[in-house]
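S.K.: Given next are the chains, with one letter for each unit.
2 protein chains.
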Amino acid sequence: MEKWTGGDMHPSYRILMGPGPSNVHYRVYQAMSNPVIGYLDPQILACMDEISEMLRGVFQTENRVTLAISGTGSSGMEASYVNFVEPGDLVVIGVNGFFADRMTQVASRCGAKVVRVEEEWGKIIDPERMIKVLKEHPEAKICGLVHGETSTGVRQPLEEIGAYCKKVDTLLVVDAVTTLGGYDVRVDEWGIDVCYASSQKCLSVPPGLCPITVSPKAMDLLRSRKTKVQSFYLDLGLLEKYWGEDRVYHHTAPASMFYALREGLKIIFEEGLERRFRRHETLGDRLKMELEGFGFKLFAQEGYRLPMLTSVLLPEGVDDLKARSRLLNEYNIEVGAGLGWLKGKIWRVGLMGETCKVRYIHCLTGALRDILT
Amino acid sequence: MEKWTGGDMHPSYRILMGPGPSNVHYRVYQAMSNPVIGYLDPQILACMDEISEMLRGVFQTENRVTLAISGTGSSGMEASYVNFVEPGDLVVIGVNGFFADRMTQVASRCGAKVVRVEEEWGKIIDPERMIKVLKEHPEAKICGLVHGETSTGVRQPLEEIGAYCKKVDTLLVVDAVTTLGGYDVRVDEWGIDVCYASSQKCLSVPPGLCPITVSPKAMDLLRSRKTKVQSFYLDLGLLEKYWGEDRVYHHTAPASMFYALREGLKIIFEEGLERRFRRHETLGDRLKMELEGFGFKLFAQEGYRLPMLTSVLLPEGVDDLKARSRLLNEYNIEVGAGLGWLKGKIWRVGLMGETCKVRYIHCLTGALRDILT
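First to last, the protein sequences are chains A and B.
Going letter by letter, the first sequence gives residues 68 to 440 in my numbering.
Going letter by letter, the second sequence gives residues 68 to 440 in my numbering.
Keep in mind that the hints were calculated from the coordinates and are not lab data.
Warning: the hint list may mix true and false statements.
[As the list claims (entries may be wrong)] Label-pair distances were calculated between CB atoms; the ranges are: (1) B:E203 - A:E153: 30 to 36 Å; (2) A:K233 - B:R183: 42 to 48 Å; (3) B:G73 - A:R253: 19 to 25 Å; (4) B:A113 - A:T432: 26 to 32 Å; (5) B:Y93 - A:T349: 57 to 63 Å; (6) A:E153 - B:A113: 40 to 46 Å.
[Stated by the list, open to error] Looking from chain B toward chain A, a few residues come up when the C-beta cut is under 8 Å (computed): (7) V103; (8) G138; (9) P205.
For every residue, glycine included, the Cβ atom is placed at its ideal position computed from N, Cα and C.
Working from the sequences, and respecting the hints, build out all of it.
M.R.: Right, here's the structure in full:
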């Protein structure tokens with residue numbers, strides 16, 4: 068190919084009510100367009116320090132090792148296992164959805180023996196049952212759970228399991244990809260050892276970064292490994308040396324994405340965590356009520372429904388693909404399809420960060436009125 | 068933390084003459100600020116197809132599997148080994164610099180037995196010697212080489228080794244992080260099986276993406292593995308299913324970075340590869356001449372000097388840190404320090420993509436005149 072004949076790209080301005088990405092504040096786009104600087108420039112290092120400090124705020128932790136991995140949420144899931152699992156180690160994972168299942172695959176690829184604590188999709192893992200299994204496996208190195216299961220809309224309670232893990236050697240690894248920035252994630256208080264998230268959901272920053280925080284207990288375990296971490300790119304010991312005081316080059320910092328994350332976090336603290344959580348709670352309830360009015364049935368277990376992601380069974384007679392295509396093409400609204408065996412059966416409707424506004428609920432209900440009634 | 072008291076961030080407008088990132092065209096920043104869309108949005112899928120097509124152009128390949136990994140160049144190095152190495156496999160790596168050495172570490176972490184073909188930093192790996200070692204190890208699964216060694220400024224000739232690898236079962240893995248977009252990288256003609264690069268050097272796109280291309284021979288090997296790829300995030304089989312026709316969700320596409328890469332590639336084809344390579348060649352020569360005029364000595368082996376990255380030994384009496392700090396703080400010019408044992412001894416001066424303009428050579432020589440004379 069000598070000449071490229073394609074034109075400009077003008078992506079549509081979607082209302083992103085799927086499972087993420089969510090809409091992005093214009094200040095974040097502006098920040099992202101600031102000039103790129105080098106990976107050891109004092110200004111990028113200062114930016115990284117600020118990101119760490121603000122991430123400690125949203126994770127509600129004092130963990131020194133709190134940073135953003137240069138990859139999406141999935142890279143954080145991998146980092147959470149690859150750094151702590153050595154071949155043959157036992158891990159116990161609560162499996163009640165697509166991402167929990169992915170956790171077991173990731174752990175297996177690190178050479179872990181995986182004990183699956185299965186539950187029906189749409190239900191929580193009963194904490195007492197999880198603790199019982201952990202007691203049966205005192206050698207378990209990791210207990211893995213998904214806080215907000217994006218495939219089902221279920222919010223997993225963590226306090227009891229965290230309290231148990233605090234008392235034993237087992238690390239509690241939590242996927243907060245969907246919840247961070249939209250719901251309480253009390254890393255220190257709940258006893259979470261490794262918690263990862265993503266930039267593009269309730270933080271409302273473009274996809275591409277993965278916030279992660281690691282407890283001193285987990286870092287000690289990392290340092291006492293007998294084998295090297297099988298991933299160089301996701302080695303938290305090396306990332307710590309770059310993000311921490313040593314400033315040893317590991318990879319080229321994605322400066323533009325760092326600018327975006329920094330601005331997105333600033334916006335969160337301008338609103339305040341409490342108010343932000345309340346906004347997600349209130350509008351999540353409102354959305355659920357509206358959808359029920361159209362004949363959708365709430366899929367997730369009552370009392371454990373995520374505010375920022377509502378999973379609903381389609382009303383009789385609604386063609387999944389056709390309805391979603393009309394929403395996207397005629398109304399510029401994205402809602403999420405079902406994952407795995409739920410494909411065609413449910414929708415996943417997100418109200419995350421910047422998208423979590425009453426105006427967008429109105430846009431959706433208006434469109435649904437046109438399409439469905 | 069309830070309130071964040073930090074202000075706005077206004078990074079300085081640096082002239083990025085280090086080892087990357089390079090300066091970014093304003094059209095790329097503009098494209099990056101387009102609204103984010105979902106990871107299965109028909110518009111993002113079309114964008115990905117266009118990226119693949121243009122990447123095939125710069126890689127000079129017809130490889131179907133040509134895509135951008137959602138990580139930096141280092142993630143591409145890891146992908147190039149993690150997908151093809153199974154525990155106990157033998158790989159032969161030419162080691163004449165920091166990144167070649169990193170290749171051996173990455174390969175080891177995948178469970179490979181590594182044969183190091185060592186050479187003094189600053190010199191090429193003699194192709195005949197490399198082929199001799201490969202002949203001694205007919206079971207070698209991979210031959211790994213760095214095309215443009217960013218730590219030394221050396222350009223490795225690949226044609227002879229590629230021709231040999233074509234005839235045997237060994238895969239040729241090439242790091243083109245520094246060269247792609249600024250120098251000929253003839254993947255098909257030279258017989259390269261896996262070639263990875265980075266967005267932030269001669270492609271002049273912000274850091275965060277890693278273009279990679281994989282030959283059918285390598286994909287066959289991937290499909291015939293006995294064990295699973297140890298990385299889920301970097302599994303090329305899964306990435307192929309997302310980038311290819313199947314469109315199976317793997318991770319959330321970093322839309323903003325994709326927009327940026329698409330625009331950066333468009334700019335490359337507007338200029339044309341040949342003209343672009345000539346620009347790098349001509350101005351690289353000019354820079355070398357200018358630096359020699361200040362008493363810097365060219366570090367890399369004659370005849371094999373990279374046009375886009377010039378490594379120079381500091382003149383007697385020049386304080387590395389002090390001079391680089393003055394360049395950065397007083398003149399907003401970044402040049403690169405030495406890596407590894409070359410720290411304090413050499414500078415690495417980049418002329419990559421958008422930074423490769425005569426005006427920036429003038430800025431640098433003007434500043435050096437102030438500082439050094």
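S.K.: Give a verdict on every hint.
M.R.: Here's how the hints hold up against the structure:
About 34 Å separates the C-beta atoms of E203 (chain B) and E153 (chain A), a value consistent with the hinted range of 30 to 36 Å. The hinted window of 42 to 48 Å between K233 (chain A) and R183 (chain B) holds, with their beta carbons roughly 45 Å apart. Taken as a hint, the range 19 to 25 Å holds for the pair G73 (chain B) and R253 (chain A), whose Cβ atoms sit roughly 23 Å apart. For the pair A113 (chain B) and T432 (chain A), the beta carbons lie near 30 Å from each other, so the given range of 26 to 32 Å is met.
Look at Y93 (chain B) against T349 (chain A): about 41 Å separates their beta carbons, and that is not inside 57 to 63 Å. Between E153 (chain A) and A113 (chain B) the CB atoms are about 43 Å apart, so this pair conforms to the stated range of 40 to 46 Å. A hinted interface residue such as V103 (chain B) counts as satisfied when its beta carbon comes closer than 8 Å to some beta carbon of chain A; here the least separation is about 5 Å, so the hint holds. At its closest, the beta carbon of G138 (chain B) sits 5 Å from a beta carbon of chain A; the interface hint therefore holds under the 8 Å criterion.
Violation of the interface hint for P205 (chain B) is found here, the shortest Cβ-Cβ separation to chain A being roughly 27 Å, above the 8 Å cut-off.
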